[in-house]
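J.: The residues making up each chain are set out below.
Protein chains: 4
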Amino acid sequence: MTTTDTTAPAPAASPAAAAAPSASLRGVVPPLLTPLTEAGELDVPSLERLVAHHLDAGVDGLFVLGSSGEVAFFDDAMRARVLEAVTGIVGGQVPLLIGVIDTETSRVMAQMRAAERFAPAGFVATAPFYAITGPDEIDAHFRALGAAASAPLWAYDIPVCVHVKLAPGHLVQLGTDGVIAGVKDSSGDDVSFRRLVAMNRAAGSPLTILTGHETVVDGAYLAGADGSVPGLGNVDPAGYVRMHRAAMAGDWATVRAEQDRLAALFEIVFQPIGFTGPAMGVGAFKTALRELGIIATNTMSTPLRSLDDASVQRIRAVLESTGHLADASR
Amino acid sequence: MTTTDTTAPAPAASPAAAAAPSASLRGVVPPLLTPLTEAGELDVPSLERLVAHHLDAGVDGLFVLGSSGEVAFFDDAMRARVLEAVTGIVGGQVPLLIGVIDTETSRVMAQMRAAERFAPAGFVATAPFYAITGPDEIDAHFRALGAAASAPLWAYDIPVCVHVKLAPGHLVQLGTDGVIAGVKDSSGDDVSFRRLVAMNRAAGSPLTILTGHETVVDGAYLAGADGSVPGLGNVDPAGYVRMHRAAMAGDWATVRAEQDRLAALFEIVFQPIGFTGPAMGVGAFKTALRELGIIATNTMSTPLRSLDDASVQRIRAVLESTGHLADASR
Amino acid sequence: MTTTDTTAPAPAASPAAAAAPSASLRGVVPPLLTPLTEAGELDVPSLERLVAHHLDAGVDGLFVLGSSGEVAFFDDAMRARVLEAVTGIVGGQVPLLIGVIDTETSRVMAQMRAAERFAPAGFVATAPFYAITGPDEIDAHFRALGAAASAPLWAYDIPVCVHVKLAPGHLVQLGTDGVIAGVKDSSGDDVSFRRLVAMNRAAGSPLTILTGHETVVDGAYLAGADGSVPGLGNVDPAGYVRMHRAAMAGDWATVRAEQDRLAALFEIVFQPIGFTGPAMGVGAFKTALRELGIIATNTMSTPLRSLDDASVQRIRAVLESTGHLADASR
Amino acid sequence: MTTTDTTAPAPAASPAAAAAPSASLRGVVPPLLTPLTEAGELDVPSLERLVAHHLDAGVDGLFVLGSSGEVAFFDDAMRARVLEAVTGIVGGQVPLLIGVIDTETSRVMAQMRAAERFAPAGFVATAPFYAITGPDEIDAHFRALGAAASAPLWAYDIPVCVHVKLAPGHLVQLGTDGVIAGVKDSSGDDVSFRRLVAMNRAAGSPLTILTGHETVVDGAYLAGADGSVPGLGNVDPAGYVRMHRAAMAGDWATVRAEQDRLAALFEIVFQPIGFTGPAMGVGAFKTALRELGIIATNTMSTPLRSLDDASVQRIRAVLESTGHLADASR
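Residue numbers (the numbering used here), protein chains in the order written: chain A, 1 to 330; chain B, 1 to 330; chain C, 1 to 330; chain D, 1 to 330.
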């Protein structure tokens, strides 16, 4: 591969080969939160209610063990427990993407091997992290993973966690070469996102492209996204499903109205004061779900603290203003 | 002010006061490039053709001495020459925003004083740069500028240049307080952009909000943007004008089609190999305008190099593919 | 704890308690490279020669499974193989620090449990990474690890990998509280390093403080460092041992001369062209050790490439100029 | 030039040419603070006392209009007033370096022209800032400045302000080519600093190399620095002069003792709570000088606030502990 990203890839040599997996999962695929007991153990009854909340809303799939699922905080035993529980509860009603997040190639491969028995619709892997690498190493990483994967491989573009941005031309080349089947874009770089979609289209659409940015999914659909992986979709999956259907139908007024409503709900993540990162974002999602009666606690994994009362009250105020609390009490 | 950004501002005490200037300029306001002769002097005949290109397309205003106008490269004498020439050519046909880009408060004030005689519709200022400052200093900066400004003040959110992001709650508070009349958002942070628009609306719309991101203007319109300040608008202002009109009419299919077309054109900025920053982006715009016969050279300010022949050929290939070269030769 | 770092900690309540572990390991503790076969497996004969190279030089300890040991690239099985082999070869002749590098608290704890049976002199852990955390979470992380650790805990300050800097006041507080016994500083922030040493001294020296910056160890000794953890120490451990002894004796002319000589040798890491991160640094160390006849290959872990011939020749040229090749051939 | 930095420059073609200016200014060259009245105007009587404080201590020169001198906050008129006053007060007793800090080449040239009449011993210029540039543009920038400069040009390596690091091999090449005479290193990258010194020595020492890092000057001397430009030198210039003389004499025990004493004094910059950047650092220096009776106020330039009473009291506590207040009252 080249290390620059200045050329669009040539048309796919065999788009058909890559098209199959990309056709298999699109639409709304929320990154499933992991409900915990006060003691920090997996809370299976809460998980059951949360999965039902998603399935009732009509989501197209679930992404298990993503960043919002607190994957980085779980040791291998806990990851296995989560996968065991989720696959048991879902029972094949929707396809599952499984996050195989780890530092470098061999560790990601170990995560893939451990997850194989859960029959995922796809594995989701990031660029290498901890050690600095460049485009050549990222390419070798994904090609090694793709060769070893027993299910379609998805690239997870999340620079805020791994401190490197995946280049759109590189991703489309990996798609064209049959290495990856899709991209979860959490880059926050919408200029790059539009290029990715356009390059993918020019290459025969080897990739399914999903956005992770909860409040600009409408723009992503205008750009040509195939769906979304919204963390906020744990709180209001039905809204994202309605937005997706409207987008597919070209009903942009509805898309916009749903997005505006969901963006107002997203204000919950800005209510915690004195918290950082997932303690703030995932903490807000968990708090909202607890207040809505879906999960039992807002407990976060060590070393993250649960949101304090002041933050909870501020989140409740948002949920009041958006009507979610009223809906829940009906 | 507080240094956090967790609360939406209270409703404006006197929205009427701030509403007047915000009503005065919206729509498409391209950041005017500054054509140079081979020797690096201002090329007035090219400037005349470029302004005509904009006015013929129906732009709503022009932003002079922005980043795309190479303002950071111009000493005070050159800035005065540019303003003299542009105001003479435009002759009041459209309002002008004038960039008063400089490191810290007193220097920006000096730029404002120097530009006053050109009767701008607004001054555009960034956060302080070179020295690190925090939210309190940014607040004091804009309030001091606002108090001294003889025309409406616009905040220019451009972290890639000043290495700090303006917080949306802070901007809306400045709008509510009558300090600023508008925002040019070149932050690349569309989550923040949508929050800015929503907070502004909740506060009675004290601010006019324009996006500078050429390839996701469609999404910005869905979010509620009042218009755009697209550098690429120098090459194809008519496209951005059509997109704006379609957005105002709620004709999203046209918005999307124009945006896709303009995004394809934007690929010109990725063609230069071995160039960085404005040498690449502005260099590509200047090259395209030269190839289209509108300006005479693609010369950039010292220490930037003009694009080389290989880059020029690659840009021509994009212009061919998008039909712009064919249009120009008619 | 507070999230600012503006105050020096109060004098230690019980410095004696913390003093014991800090007394147990200081001086030169190189981060042991992990020799690999061409196939990427652990190369035990090379490891034996490399350990002998260190012991012959008189190092005070070894740091196994650090960043230079490619820890982030090794799955759990490989980590266990490395520890098994190293402890077998070293046979208790020097104490071993073991790196327990993983993303978040529970995963680091799992690494500690797996390494316990190798009787380490200490565990070395970084701040959490992958997910963004703040000072409170970092504090909770180290306190949880410290409570669970069966051997003294060391904090590894390596912002280039984990993207957060440990604050010196925080580290000394953790030392005073008996949570950590030492710090390996690879921060590259020598202003912070000197503050750390001074605050530690003011607190009764609860911490042993080692620097990882190969070419400014002399300045670290002037500042009061207790020793070094130099990656380059794999190539020339004897030089670092001589420098340490000279520093302890206050013979600064010798310290300086050794450091200048080692800094000249460190130029090997700047010779690879087109490589990034550990492929460049650790790759250069491995290449030098191969050229010196100590290990068999310069193979790196997937997805890192081994240095190419041009890089190898440039490294040989440095080794010639510093006399290391001539020494090796004697 | 090449954009990589992997090779030491060839021996200088004409070291003699470059040697002259580099010989002219070395040792302790504090960056002169700019005392302001409460109203924010230049406080000439305080400036007279501050300059006398420096000259009495035996400094080798003064750096006027550096970052610590608040240059980025001063418009052209204020810069001229400062230069007028300082040159009048100094009256040629020590050489002056003058900062010509501005965004890009033509603006820096304008600053040089304005400062020429003050007969500087050198001009100090940074890499371009505001617009992103790469190595080629930085090279063109310094070469254009060097060709235009009427006095020796110094490169100011200050990535915290300009967001780019100058490469040591590049700096030495510029020295060898007679473009620059010296470097003020405020990079905080001591690994790079040692490489710079070593490469410079190998090239025949075309450059004078001064460090700006107040608390690790001792290590810089070990590495071969020619002197220092310490902001803290405004508070205690005599300490830095003693350290320099000891370093030149190879008396490292004295170097170390002075550095430890000055590092304890440097704790003043960590006392302000709720301040950022120069409001914290320069604010602490100004506060200390006011408490020591040398300047009249601790006023900072707009938009920076002066330190509050709590911060002042904390700074006084440091000055008590280091004995500076007692010295001042004698």
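None of these hints come from the bench; they were simulated from the model. It should be emphasised that the depicted structure is a prediction, and the values quoted were computed from it without experimental measurement. Please note that the accuracy of each hint is not assured.
Quick list of the computed label-pair ranges, beta carbon to beta carbon [as the list claims (entries may be wrong)]:
#1 A:G134 <-> C:E38: 15 to 25 angstroms
#2 D:G134 <-> A:A77: 17 to 27 angstroms
#3 A:A77 <-> C:R81: 17 to 27 angstroms
#4 B:R201 <-> A:G323: 46 to 56 angstroms
#5 C:K165 <-> B:E41: 22 to 32 angstroms
#6 D:A257 <-> B:A148: 33 to 43 angstroms
#7 C:G40 <-> B:T254: 54 to 64 angstroms
#8 B:D76 <-> C:D308: 31 to 41 angstroms
#9 A:G88 <-> C:R113: 24 to 34 angstroms
#10 C:G92 <-> D:G134: 46 to 56 angstroms
Some, not all, of what chain D presents toward chain B, calculated at C-beta under 7 angstroms [as the list claims (entries may be wrong)]:
#11 H53
#12 D56
#13 T103
#14 F118
#15 A121
#16 I132
#17 P159
#18 H163
#19 K165
#20 T302
#21 P303
Glycine included, every Cβ here is placed at the ideal spot set by N, Cα and C.
J.: Taking the hints in turn, state whether each one holds.
T.: Quick rundown of the hints versus the structure:
Look at G134 (chain A) against E38 (chain C): about 23 angstroms separates their beta carbons, and that is inside 15 to 25 angstroms. Under the hint 17 to 27 angstroms, the C-beta atoms of G134 (chain D) and A77 (chain A), about 48 angstroms apart, miss the expected range. Against the hinted window of 17 to 27 angstroms, the Cβ-Cβ separation of A77 (chain A) and R81 (chain C) comes to about 21 angstroms, which satisfies the hint. Taking 46 to 56 angstroms as the suggested C-beta distance range, the pair R201 (chain B) and G323 (chain A) does not conform, at roughly 18 angstroms.
A hinted range of 22 to 32 angstroms is violated for the C-beta pair K165 (chain C) and E41 (chain B), which are about 47 angstroms apart. Taking the beta carbon of each, A257 (chain D) and A148 (chain B) are about 51 angstroms apart, not inside 33 to 43 angstroms as hinted. The hinted window of 54 to 64 angstroms between G40 (chain C) and T254 (chain B) holds, with their beta carbons roughly 56 angstroms apart. The hint said 31 to 41 angstroms for the Cβ distance between D76 (chain B) and D308 (chain C), and at roughly 51 angstroms that hint is violated.
Restraint check, G88 (chain A) to R113 (chain C): a C-beta distance of roughly 27 angstroms satisfies the suggested window 24 to 34 angstroms. The hinted window of 46 to 56 angstroms between G92 (chain C) and G134 (chain D) holds, with their beta carbons roughly 53 angstroms apart. About 24 angstroms separates the beta-carbon of H53 (chain D) from the nearest beta-carbon of chain B, more than 7 angstroms, and the hint is not met. Given the 7 angstroms rule on beta carbons, the hint for D56 (chain D) is violated: about 30 angstroms separates it from the nearest Cβ of chain B.
Nearest Cβ of chain B to the Cβ of T103 (chain D): about 4 angstroms, under the 7 angstroms cut. The hint holds. With its C-beta approaching chain B no nearer than about 19 angstroms, F118 (chain D) sits outside the 7 angstroms limit, and its interface hint is violated. For A121 (chain D), the suggested interface contact is broken, since its CB lies about 24 angstroms from the closest CB of chain B, more than 7 angstroms. Proximity of I132 (chain D) to chain B holds as hinted, the smallest CB-CB distance being about 3 angstroms (cut-off 7 angstroms).
Nearest Cβ of chain B to the Cβ of P159 (chain D): about 11 angstroms, over the 7 angstroms cut. The hint is violated. The criterion of a C-beta within 7 angstroms of any C-beta in chain B is met by H163 (chain D), whose closest approach is roughly 6 angstroms, and the hint holds. With its C-beta approaching chain B no nearer than about 14 angstroms, K165 (chain D) sits outside the 7 angstroms limit, and its interface hint is violated. A least Cβ separation of about 5 angstroms between T302 (chain D) and chain B falls short of the 7 angstroms threshold, and the interface hint therefore holds.
Given hint, P303 (chain D) at the interface with chain B, holds; its Cβ is 4 angstroms from that chain's nearest Cβ, closer than 7 angstroms.
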